[in-house]
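A.B. asks: Spelled out, the chains give:
There are 2 protein chains.
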Amino acid sequence: MKKLQIIKIGGNVIDNPTELEKFLSDFSKVTDLKILVHGGGKVATELAKKLGIEQEMVNGRRITDADTLKVTTMVYAGLINKQVVAAMQSKGVNAIGLSGADANTIKASKRKVVDIDYGFVGDIESSGVNVEMISVFLENGITPVFSAITHNGAGQLLNTNADTIASALAVALSKKYEVQLNYCFEKNGVLKDVEDDNSVINIITKDSYKQLLAEGVIFKGMIPKLDNSFDAIKNGVSAVMIANSKDLIKITNQNGNTGTKLIA
Amino acid sequence: MKKLQIIKIGGNVIDNPTELEKFLSDFSKVTDLKILVHGGGKVATELAKKLGIEQEMVNGRRITDADTLKVTTMVYAGLINKQVVAAMQSKGVNAIGLSGADANTIKASKRKVVDIDYGFVGDIESSGVNVEMISVFLENGITPVFSAITHNGAGQLLNTNADTIASALAVALSKKYEVQLNYCFEKNGVLKDVEDDNSVINIITKDSYKQLLAEGVIFKGMIPKLDNSFDAIKNGVSAVMIANSKDLIKITNQNGNTGTKLIA
Chain F
34 MKKLQIIKIG GNVIDNPTEL EKFLSDFSKV TDLKILVHGG GKVATELAKK
84 LGIEQEMVNG RRITDADTLK VTTMVYAGLI NKQVVAAMQS KGVNAIGLSG
134 ADANTIKASK RKVVDIDYGF VGDIESSGVN VEMISVFLEN GITPVFSAIT
184 HNGAGQLLNT NADTIASALA VALSKKYEVQ LNYCFEKNGV LKDVEDDNSV
234 INIITKDSYK QLLAEGVIFK GMIPKLDNSF DAIKNGVSAV MIANSKDLIK
284 ITNQNGNTGT KLIA
Chain D
34 MKKLQIIKIG GNVIDNPTEL EKFLSDFSKV TDLKILVHGG GKVATELAKK
84 LGIEQEMVNG RRITDADTLK VTTMVYAGLI NKQVVAAMQS KGVNAIGLSG
134 ADANTIKASK RKVVDIDYGF VGDIESSGVN VEMISVFLEN GITPVFSAIT
184 HNGAGQLLNT NADTIASALA VALSKKYEVQ LNYCFEKNGV LKDVEDDNSV
234 INIITKDSYK QLLAEGVIFK GMIPKLDNSF DAIKNGVSAV MIANSKDLIK
284 ITNQNGNTGT KLIA
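So the protein sequences, as listed, match chains F and D. If you're matching positions, the first sequence starts at 34 in the working numbering and goes up one per residue. If you're matching positions, the second sequence starts at 34 in the working numbering and goes up one per residue.
Please note: incorrect hints may appear among the correct ones.
No distinction is drawn between identical chains; accordingly, a pair holds when it is met within one copy or between any pair of copies.
[What the hints assert, rightly or not] Below, simulated DSSO-like cross-link-like pairs (lysine-lysine); rule was C-alpha separation at most 30 Å, straight line:
(1) 209 - 124
(2) 243 - 283
(3) 258 - 239
(4) 143 - 62
(5) 267 - 253
(6) 62 - 243
(7) 143 - 35
(8) 145 - 124
Worth flagging that the hints you see were computed from the coordinates, not collected in a lab.
The whole structure should be built from the sequences, with the hints applied where relevant.
C.D. replies: So this is what it looks like as structure tokens:
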């Protein structure tokens, strides 16, 4: 099996032109097959504010009404995605920007209303990932760049969490490739002490994760990412890394104790 | 050679949800290989207005400053492109939305400043069209949907006239396919009398075009489209149609006197 690096880049890196430029430059040097997944950063929130579209948050999650969906489609699938793709092309990477609707690469279902109506938010399963089509791109030297927008197959675009897209892609593509999933953001990894950038936990196993959770060591915001990651490992992904975007080359080469490595 | 239909859809159709829906439904029924090219309609102008980005026009053409480029990238390559792609997917067309940066499909050069600085506007030649890459899509059952955004290969996105994109694609792809270029808009074709929708000129040859120009019959706004078209025919495109978007099925089947047919 060929090795495939799936790399999720966080919003704070997208928001910082210098960091983003360095990251894309490093990305261009990754020699394995590769896929980038990006979210949106602050640009969508700022645009919504300028347009007077109120952002309703429930339990820290954004409600995606019709106007908010338009804004995120414009910013994620339009502005950020095309800027990243153009920058990659200038660095010799034959990137293609995609939403899940494009070539039907990722199908999602609108989240069912239980207590809260999240609006046009899509949930995906790995069965929604079009492995054959994505392979056509990879085998033709094309590097997919996914924005956090999917569709339901019935004409509806859906806002979809970029971490979830990355892990769904990783699980589905592990049928055909040896997949390493990399979550890159502005911190050095999973930290023992959220205030101390040097307190990186280098290895977390499924068992040590349970212990860390029980001890309350894991920062709340990291839990969905880690749950996603262990799910991915259980379902065929060979390795998951959580690390600083500056360390992309090191983590894709797996040399040394950089970032946090999750293992079964 | 396989037949390839390149279909440019005008802004007035994009702006009208009912017309657009009917058009996309007809488009899904075109059985030849096919490519859609779309511009932007009023949405970009309205968004720029809401954001307080002044639109400077010189000789009826929009100056694309950095902020205007962001707006057109968001609206053309983001919102409209993804909405069209999602709608097509729901109709069984495996569409992929593209800017010229995606998979390096269309490279352009920033228009040189002579008297006027048009800003981030791209001019393309048929050599800027990546025939091999577009063929990979077509041969894998994927229908490209191009927005009016290209890139220069050095990281810069560029606003590019959608009519020009359609004719550059047509010329370049005529090396590999039997290409019919179709300009679809809200009128029934090239009209003898711009006030009379039934005054369609069914056939224009290169010679009769000269005569019509000399007689002042051709409406000013149509001249660039017609010049582009005769250029395309000279350079290998087998047929060019200018017609109402409602008549898409008729013109791609070339049955009957519908729209205006341009011939050598």
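A.B. asks: Which numbered hints are broken by the structure, listed smallest first?
C.D. replies: Hint check: 6 and 7 fail, others pass.
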